[in-house]
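Residue numbers (the working numbering), protein chains in the order written: chain A, 1 to 330; chain B, 1 to 330.
Misleading hints may appear alongside valid ones.
The list cannot tell twin chains apart, which means a pair is met if one copy fits it or any two copies do.
[To be verified] Distance condition first, Cα-Cα at most 27 angstroms in a straight line; then the derived BS3-like pairs of lysine-lysine:
1. K4 to K260
2. K152 to K179
3. K260 to K327
4. K6 to K42
5. K303 to K320
6. K263 to K4
7. K6 to K48
8. K263 to K42
9. K6 to K263
10. K4 to K327
11. K113 to K327
What the hints contain is simulated information worked out from the structure, not anything from laboratory work.
These are the residues of each chain, in order.
There are 2 protein chains.
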Amino acid sequence: MENKIKVGVVGYGNLGRGVELALNAAPDMALCGVFTRRAPEKVRIQSKNVKVYPVDELPARAPDFDVLILCGGSATDLPVQGPAFAALCSTVDSFDTHARIPEYFSNVDAAAKSAGKVSLISIGWDPGLFSILRLYGNAILPDGADYTFWGKGVSQGHSDAIRRIEGVRNAKQYTVPVKEAIDRVRAGEYPALSTADKHTRVCYVVAEEGADQKRIEHEIVTMPNYFADYHTTVHFISEEEFARDHAGMAHGGHAIRCGKTGKNGETEHVMELSLSLGSNPEFTASVLVAYARAAVRLSREGKSGAFTAFDVPPAYLSPKSAEELRKTLL
Amino acid sequence: MENKIKVGVVGYGNLGRGVELALNAAPDMALCGVFTRRAPEKVRIQSKNVKVYPVDELPARAPDFDVLILCGGSATDLPVQGPAFAALCSTVDSFDTHARIPEYFSNVDAAAKSAGKVSLISIGWDPGLFSILRLYGNAILPDGADYTFWGKGVSQGHSDAIRRIEGVRNAKQYTVPVKEAIDRVRAGEYPALSTADKHTRVCYVVAEEGADQKRIEHEIVTMPNYFADYHTTVHFISEEEFARDHAGMAHGGHAIRCGKTGKNGETEHVMELSLSLGSNPEFTASVLVAYARAAVRLSREGKSGAFTAFDVPPAYLSPKSAEELRKTLL
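One chain only, chain A, in its complex shape:
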């Protein structure tokens, strides 16, 4: 225990619970505390002998941790917590608002550099592993194109949008990649595809008793930005079916790089990373835990500031020695 990496988890929702599970599978790391905005006594965690603290105590308790895994959301939690906690301890987070990454990076970088800590931002599978495939793909095949397909998986934002419609009791929206579009990309056709060309939207809706289902369906499929540009299917189901069939958090997708080599670009290559994830939060948590190990290693090397998955040598994610990795996995 004494030599293990001491990990703190900030925020105990689906992602925080996933981190707790992933740490159980890490031989060199230990969960040493959970921080929450709720009343600590109301947060029941699975691990025994691990304390739950009010997040206000983080400044005082940070020196007891090697790294904090930030499990808040990208919309409102991380923009505040990321820079604030980077000034206290090395951190890892899954900030995923693509358009705001440069700004977020710069805020976290400044805080981490002043404190002499390491912060790994935007870790997960997209941004994260898919970004890495895009980077390797662009570097190896500079003459080419990137395609990303998401799903089948739940979009929280789209599910929320449906739930705001009058007469809707509950709803879940799946983003489903269009198989024909994937096949065209894999065949090296270099099709021009919008997000709507690449995905359909499938909605499962529990309506209030007596609600006008035709009106609800119409409001969904014509909703600007969210659904109007997409091929959208709406299924009305019972509360029981909803609970039975749509509680899961599976997700996944395909990041594809197509590229040409040869004197006149006559040789075609396709690189594809496919993920099929039984649970989006459990997988993302497992990625965060591996990068928490890397953050500690970078910090022990004397590095400081913000970094992304692009900056981390793959070997830093593993508890095994370089020699063992070369022997067993190369």
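Knowing the structure of chain A, use the given hints to seat chain B on it.
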């Protein structure tokens, strides 16, 4: 030109030609010389204003280069050239004899460290990109299993073995992955699969006139180590068909990591890197060129010794700045 990375190519076969092509697509790198064991005047390269030198001149000319890309074979060339040239200049190679990697690493490491140079060994797609998928997979999903499928693609060793049979004029052997086996792995069945369970062998043979085709087929399918344990198909074809249909060097494959998370391992995940390569040597060369850029960057940081793809941050493969990468690819 003056600010470009100065690259030397050692060995001008299929791989060396591929490197020359890949360098044309790299805005920040320039081919500045080719070294050969043949008489230089007999080696015709595509690039104008680039000289071909006898490999014996490498010790004297090495200071004119930032990095050498070694394009020799793993059986006899690289075990000698790797350590010898690592003492002269930073190098990148595609050493792929898995069992001998630890020994090769140690020889190259000693030479590169004494000389204060950087050598990246075993770069390509397997070892290389597939190894990276295995490493990310093992670090993220420690409770799981690795599966690697190769092909469809030509195995040089198996083609050579057929050509040694009496009465065979020419032959090409394709390693073909078994689709049902891939499907079982993707479905999370964790099947126990030997290399023979995962691949079939398809042979195209041009027989000498009057040769006994039944005997040749029998000698192929019963050949120990190479074919006896596999499902092997033999097709006899004409010299014309051989030249028309079997001149290509396409290859590819699938590296798959299946893993479990959750309290009792109840959640299944599959990570898969698939490659479909129009030309094995052109793609491998493109990987080598991207890592040559990384070797120069590591060297400029003051690093020395041997490294593998595991030790290189993804960003080091790209000519773009960290800021641009975060903005465009993360």
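Hints, verified against the model:
In this homomeric assembly, K4 and K260 come within 27 angstroms of each other (Cα to Cα) only across copies, at 23 angstroms, whereas the closest approach inside a single copy is 46 angstroms. With identical chains, the CA atoms of K152 and K179 are at most 27 angstroms apart both within one copy (11 angstroms) and between copies (23 angstroms). Taking the shortest Cα distances, K260 and K327 sit within 27 angstroms of each other only across copies (24 angstroms), while inside one copy they are farther apart (33 angstroms). For the identical chains of this complex, K6 and K42 are intra-copy neighbours only, at 24 angstroms inside a copy versus 63 angstroms across copies, given an alpha-carbon limit of 27 angstroms.
Within a single copy, K303 and K320 get their C-alpha atoms as close as 21 angstroms, and across copies as close as 22 angstroms, so both meet the 27 angstroms cut-off. Taking CA atoms no more than 27 angstroms apart as the test, K263 paired with K4 passes between copies only; the shortest distance there is 21 angstroms, against 53 angstroms inside one copy. With identical chains, the CA atoms of K6 and K48 are at most 27 angstroms apart within one copy only, with a shortest distance of 15 angstroms there and 58 angstroms across copies. With identical chains, the CA atoms of K263 and K42 are at most 27 angstroms apart between copies only, with a shortest distance of 21 angstroms across copies and 66 angstroms within one.
For the identical chains of this complex, K6 and K263 are inter-copy neighbours only, at 21 angstroms across copies versus 53 angstroms inside a copy, given an alpha-carbon limit of 27 angstroms. Within a single copy, K4 and K327 get their C-alpha atoms as close as 24 angstroms, which meets the 27 angstroms cut-off; across copies the closest is 35 angstroms, which misses it. Within a single copy, K113 and K327 get their C-alpha atoms only as close as 36 angstroms, which misses the 27 angstroms cut-off; across copies the closest is 21 angstroms, which meets it.
Hint check: no violations occur; every hint is consistent with the structure.
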